[in-house]
Amino acid sequence: PYIADNKRLYTQGVPEEELDLRSQEYGDLSRKDIENYIWFFIQDNPKTKDSLSQWIEERKIAALTFVEQVADKSENNFMYLYHLLPGIAQGEYNDLSLEKFPKGLQEYYRTHWVRMGMDTEPKEKMVIILFILVEISTPIPCEMMAEIANQDEYEVQKVLDQWVEYLKDQKIDKETCYSIYHTSFLEFLKGKRELKKTRKLFDEVNQRIAEYFRRKMA
Numbered sequence: 014p015y016i017a018d019n020k021r022l023y024t025q026g027v028p029e030e031e032l033d034l035r036s037q038e039y040g041d042l043s044r045k046d047i048e049n050y051i052w053f054f055i056q057d058n059p060k061t062k063d064s065l066s067q068w069i070e071e072r073k074i075a076a077l078t079f080v081e082q083v084a085d086k087s088e089n090n091f092m093y094l095y096h097l098l099p100g101i102a103q104g105e106y107n108d109l110s111l112e113k114f115p116k117g118l119q120e121y122y123r124t125h126w127v128r129m130g131m132d133t134e135p136k137e138k139m140v141i142i143l144f145i146l147v148e149i150s151t152p153i154p155c156e157m158m159a160e161i162a163n164q165d166e167y168e169v170q171k172v173l174d175q176w177v178e179y180l181k182d183q184k185i186d187k188e189t190c191y192s193i194y195h196t197s198f199l200e201f202l203k204g205k206r207e208l209k210k211t212r213k214l215f216d217e218v219n220q221r222i223a224e225y226f227r228r229k230m231a
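In this note's numbering, the protein residues as written are 14 to 231.
Honestly, the hints are just simulated from the structure, not real lab data. On a predicted model such as this, the values are computed, not experimentally measured, just so you know. The reader is advised that the hints may include incorrect statements.
Think about it this way: if two alpha-carbon atoms lie no more than 25 Å apart in a straight line, the pair counts; the simulated BS3-like pairs of lysine-lysine are [unchecked claim]:
| hint | residue 1 | residue 2 |
| --- | --- | --- |
| 1 | K187 | K209 |
| 2 | K205 | K136 |
| 3 | K181 | K205 |
| 4 | K45 | K62 |
| 5 | K210 | K136 |
| 6 | K187 | K171 |
| 7 | K229 | K184 |
| 8 | K210 | K138 |
| 9 | K73 | K62 |
| 10 | K184 | K171 |
| 11 | K73 | K86 |
| 12 | K62 | K86 |
| 13 | K113 | K45 |
| 14 | K138 | K171 |
| 15 | K116 | K205 |
| 16 | K73 | K60 |
| 17 | K62 | K20 |
| 18 | K203 | K171 |
| 19 | K136 | K203 |
| 20 | K45 | K116 |
| 21 | K113 | K187 |
| 22 | K209 | K136 |
| 23 | K138 | K62 |
| 24 | K138 | K213 |
| 25 | K86 | K203 |
| 26 | K213 | K187 |
| 27 | K136 | K213 |
| 28 | K171 | K181 |
| 29 | K116 | K73 |
| 30 | K116 | K210 |
| 31 | K205 | K86 |
| 32 | K203 | K116 |
| 33 | K203 | K138 |
| 34 | K187 | K203 |
| 35 | K138 | K45 |
| 36 | K45 | K86 |
Could you build all of it, start to finish, from the sequences and the hints given here?
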């Protein structure tokens, strides 16, 4: 949205048309796309169609009901479906009813975090790796993460492999470097700074990063 006097695009002598993508018309089109995307996973995607159909049949849910309710839960966010639907197909939600599915992407991240036991002490090393990616904020190699976290490089790589769908890897100076791929997941992790139980880990990560750069500059 913009104030008419502050219009940034001028098309002198060229016909122009403005579209307000907040209008209900586009919301309805997005909803239709979302539903088609879910149908694809149920009916056509060879990796998910059998297991999703079985999940629906075992719970005696009409396929249309599944599509409509999951679309509602998605809040028209394709990234939510990108994570949730393969998770259902892989059996990660066998203990949840359709009504208990997380609503929206941020709630999905929170639910996934808890279900993976990320708030427990045994997963602390994994959390530290993710927080290093948040605090460095630029792509970094596995070796650097291992040194900051004081962990074996092989163990760090295992953590990265577990979160591969949330990370972006790219070659920089012939090294594979990693960063958080999805802005929504990055914002979720940044929100952890405000929580009492994870604030201490963020402080520890920042201290380790500072020590790492002091060593490199010495």
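In rising order, the numbers of the hints this structure does not comply with: 1, 17, 21, 23, 26, 34, 35
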